[in-house]
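So the sequences go chain by chain: A and B. Numbering of the first sequence is given in the working numbering, commencing with residue 1 and proceeding in unit increments. Numbering of the second sequence is given in the working numbering, commencing with residue 1001 and proceeding in unit increments.
None of these hints come from the bench; they were simulated from the model. Possibly wrong hints are sitting among the right ones.
Cross-link-like lysine-lysine pairs, in silico, BS3-like; alpha carbons within 25 Å at most [stated by the list, open to error]:
1. B:Lys-1561 / B:Lys-1395
2. B:Lys-1561 / A:Lys-60
3. B:Lys-1333 / A:Lys-29
4. B:Lys-1333 / A:Lys-61
5. B:Lys-1211 / A:Lys-61
Covered, in the sense of this in silico footprint (three residues per stretch, anywhere, with C-beta under 8 Å from a C-beta of chain B), are these stretches of chain A [as the list claims (entries may be wrong)]:
6. 2-16
7. 58-66
8. 69-75
9. 135-143
These figures come from a predicted structure and were not determined experimentally. Even for Gly, the Cβ is constructed at its ideal location relative to N, Cα and C.
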Amino acid sequence: MKQEFTVTVYTENQIGLLNRIAIMFSRRKINIESLNTSPSEIEGIHRFTIVINELEEVVKKLVRQIEKQVEVLKAYYNTNDEIVWQELALYKVPTDVIAEKVKVERLLREYGARAVVIRKDYTVFETTGQREEINKLITVLEPYGLIEFVRSARVAIIKASKGFHDKLKEFEKKEPSEEVIENEYLGQGDQVFTM
Amino acid sequence: MSTIEKAPAKGKTEKKPAVQSISGSVAVLEAFLAEGVSTIFGYPGGAIMPIYDALYDYQEKLRHILVRHEQGGIHAAQGYARSSGEVGVVFATSGPGATNLVTGLADAMIDSTPLVCVTGQVFAHLLGTDAFQETDVINITTPVTKWNYQVTDATEIPAVMAKAFYIARSGRPGPVLIDITKNAQLQKFDYEGYTKCDHVRSYRPAPIVRKEYITEAAKLINEAERPFVIFGQGVILGKAEKEFKAFIEKAGIPAAWTIMGLSALPSDHPLNVGMLGMHGNYGPNVLTNECDVLIAIGMRFDDRVTGRLDKYAKQAKVIHLDIDPAEVDKNVKTAVPVWGDCKETLPLLTALVEQKVYPSWLQKFKDMMKQEEEACIIPELNPTTEQMTMGEVIKVLNELTGGDAVIVTDVGQHQMVACRYAKFTQSKSNITSGGLGTMGYALPAAIGAKVGAPNRQVVAIIGDGGFQMTIQELGTIMQSEIDVKILILNNQFLGMVRQWQQLFHDKRYSFVDIASPDFVQVAKGYNIPGKSISKREELKKALTEMLNTKGAYLLEVMVGKENNVFPMVPQGCSVAEIRLK
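Can you build the whole structure from these sequences, using the hints too?
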């Protein structure tokens, strides 16, 4: 049976790597439900957190093939009960509704929302939590004129993981992470004549 | 033409004085020399002109073979890599030059062929502007390269080239593409010499060998009553032919090959029981489903080898030796995975297995070969039909070459027939597009194969369809005086598709009737001598003439129009359901 898996990938920080990893999924016609890239506990090493719905059989093979990519140090997959995860959401609502309707205030307290910005015309609230909790608040806020909503990708910590430091020792310490060289010439087109 | 003067890349330490200042283009060529490259297959164009300009001064050290199409260039580099065991090197320009490489990259990726392709790219400041001949080659080639990288700054070139060669040839080999913007090719920088790469932090070329699995595997083998070895190109890529032979000889186990593994074990070896897969031999296919221990070495259980997976070797305990951990359990569930380079793991396994023979088990293979001979092989090799068969051409070729030639095949019926019947005495002698099945592969690959193995006879066996896909490379053969023998087996059809249409589509021959030009005349236009024959009596003489002619030669042999390749495992059937007719 298909179920939700969180794939965690430790990588070098290289241009084009996001594509290399993303096509591992699209090649098999697997939809990525959520994707987050962030630094990891180790400087210079990036961490992808990818959520998909798939069969364990498929995920297992997929993770091995991701790990095979040159710039990937290690990839793991976990079910939801093996991880601690959070998502963050922002909600923009008209301030007058908040001020006038006591019910809304109560709802926000109930769902643990915090005000990030309060302006005359609108207020931005933030909640963190799992998807179901975040989604519930949308449904509740909609009748009160929810102007804008956005939810982040999942970030997840693997419960059983001792971190990547030990693994990295296996990958040898003698080389620091490569520095990303970005294209410095992009803004300089006017200064040169080319064929 | 001017370029941007640029400061040293940020984060780099200040250079020591009195180092040589060279251009990025020269750095590419210096990298080739340091990596032992002797030949480049390529085609120039706007965005790679600085590299070609630098090459002008390196003509004595680096041989450049001008191909007629970039696809021909990359297939030639593949042929070179396969016959020599070295990395093949390709130059192409940006845009169409680079996109023409894609088929070859995909072919090299699936057949694990080590390549380094250098493509020119538009100036860095033009990236993303839809400049003339700009294409996003990095993203186009990502799924078909082991690694790729875009260079916009010449200072990166020595380290990137070193990494490219290291990645291409180490572990499970594969194609690497380096895209270099024109400004980086022109840019001068302080060159501090070339250091070969032997380590990339995030990359494990080979997994650590786990001794406990080797012990377990040896135990299974020693307890087996009907063990069966199936092997692939891993044996050749690992340069482990000797180790492989020592293993099967000590363990006494019959061994069958995938078409990529062909020639790793001499054809006449008593334990060589033949070919696996869709058009493989009868015994190896049927007995895959009767063995008790299946030892897979450097092969990846392609669907053309396994047939229907849920009926494949279910009774057997599978031991899988592979350098790529992602291959283990990918298609076939493994009882014991032996991760690692088989050059390293095979001797460890050989040490632990008992010296044995399995006469009655081996006899089973022989008995089934008898059945196959009567049903398929004799009619193919000694036909009573008026028209010639592909098999008899290969048989006479074997007699004349003694199995010492490098045989390069294209894709289709002639490929299956050649793989089934060609004899080999030494490794790296069978060059074919196995995984991708690229028609048009053989002619350019044969060019590369000859350059990679100049002292060997190279025969390209090609169908009338595939030959017309890359026929332009006759120009390369002419100009660079490449001594390849071109043997066209002409059945005036796209034969393999026709066979399937006959067997599975009620003989509805949909667009398989292909017309051909006068191939001998075409070759003549390229100054290549040739002949076309259609009578059996002429065959031996014509093949002899072909082989004895100095330089290239084209021989067209007209064969039966509607001959089929048998045995055959029909798609969706198990290997045990292989049909003899």
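Here is what the structure says about each hint:
Using a Cα cut-off of 25 Å, the hinted pair Lys-1561 (chain B) and Lys-1395 (chain B) holds, with the two alpha carbons roughly 19 Å apart. Our distance criterion of 25 Å between C-alpha atoms is broken by Lys-1561 (chain B) and Lys-60 (chain A), whose separation comes to about 47 Å. At most 25 Å may separate the alpha-carbon atoms for a hinted pair to count; Lys-1333 (chain B) and Lys-29 (chain A) meet this at roughly 23 Å. Between Lys-1333 (chain B) and Lys-61 (chain A), the direct Cα distance comes to roughly 12 Å. Compliance with the 25 Å bound is thereby established for this hinted pair.
Among the hinted pairs, Lys-1211 (chain B) with Lys-61 (chain A) is consistent with the structure: their alpha-carbon atoms are about 24 Å apart, no more than 25 Å. Note: the segment 2-16 of chain A has 4 residues with beta-carbon separation from chain B under 8 Å; the three-residue rule is met and the coverage holds. Judged by the Cβ-Cβ criterion of 8 Å, the segment 58-66 of chain A is covered by chain B as claimed, because 4 of its residues qualify and three suffice. Given as covered by chain B, the segment 69-75 of chain A passes the check, having 4 residues with a CB less than 8 Å from a CB of that chain where 3 are the minimum.
Counting residues of the segment 135-143 of chain A whose beta carbon lies closer than 8 Å to any beta carbon of chain B gives 0, which falls short of the minimum of three for the stated coverage.
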